[in-house]
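Go ahead and model the full structure; you've got the sequences and the hints to work with.
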Amino acid sequence: MGFYIASAIAILATIMVITRYNMIHALLYLVVSFLAVAVIFYMLGAPFMAALEVIVYAGAIVVLIIFVIMMLNLKEESVDQERKWFSKNIWVGPGILSAVLLGELVYIIVTADPVMLDNTLVDAKAVGLSLYGPYIIGVELSGLLLMAGIVGAYHLGRQRRKVMHRFLEMTKE
Amino acid sequence: MNKLPIESGLILAGILFILGLISVMVRRNIIFMLISVEIMLNASGLAFIVAGSRWAQADGQVMFIFILTMAAAEVSVGLALILQIYHQLKTLDSDAADKMNG
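Going line by line, the protein sequences match chains A and B. Mapping to the numbering used here: the first sequence position 76 is 76, numbers consecutive. Add 1000 to the 1-based position in the second sequence for the numbering used here, that's all there is to it.
Treat the hints with caution; some may be incorrect.
Stretch by stretch, here's where chain B covers chain A in the computed footprint (C-beta under 8 Å, at least three residues) [said to hold, decoys possible]:
#1 2-14
#2 28-36
#3 60-71
#4 87-100
#5 132-145
Think of the hints as simulated: they come from the structure by calculation, not from any bench. If you're wondering where the values come from, they're calculated on a predicted model, not measured in any experiment. By construction, the Cβ of each residue, glycine as well, lies at the ideal position given by its N, Cα and C atoms.
As structure tokens, this is what we get:
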């Protein structure tokens, strides 16, 4: 039963993500969708993956996207727009969905054993042993991929400085 | 409490993946396309976790960690590309970038 509630919240939040016009509102619902998937991971007997989902997806990736959005529309930013974005009926939808998820999580933790659905608990120790045992080549390839990602993001994100001469070109300060 | 049937978990992953695929085809805003790709990656990770939970093996979670790493690298490079596109074209419309100005 808990699985179906969490999956309904995930599907609903994802539908709200792909139908929003405002990016910040879409990101609010995206966080709710990731939290619902994290609750499903917890119920399936993967608590470490639930924590990683919250930290990396709902934390790091969404914050990165929010940073870029704030960098992009720096110019038309105004107090009125901020006030309009954070009005009450914007956050009440994601708030209700998150409250349902929180109630479900508290119910799971209080009443039953950690694994609600009788699935076998595969803890972080087994994952670590498998990760650094048979899958060690995958870990090294992931390190290479992250290195390439850092170098690529630095190279692409660098602003190409325009050569400006103060007599030949009018600069608008 | 009975065991979760594997079909319902896989159907949920499929629904989330289809929603992301629809969004990446319909939306023209390039940041929304990146978000949709994140939704699709998350759905595939959910499928791995469900399968790993079905057979009580750690391999599904290992694959989820790899997907997570790949998603983090992908979103950083993708956002750097979005910044470059916005600085060059002054828009976030992905159709505006269909000409190669080599």
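Are there hints from earlier that the structure breaks, and if so, what are their numbers?
4
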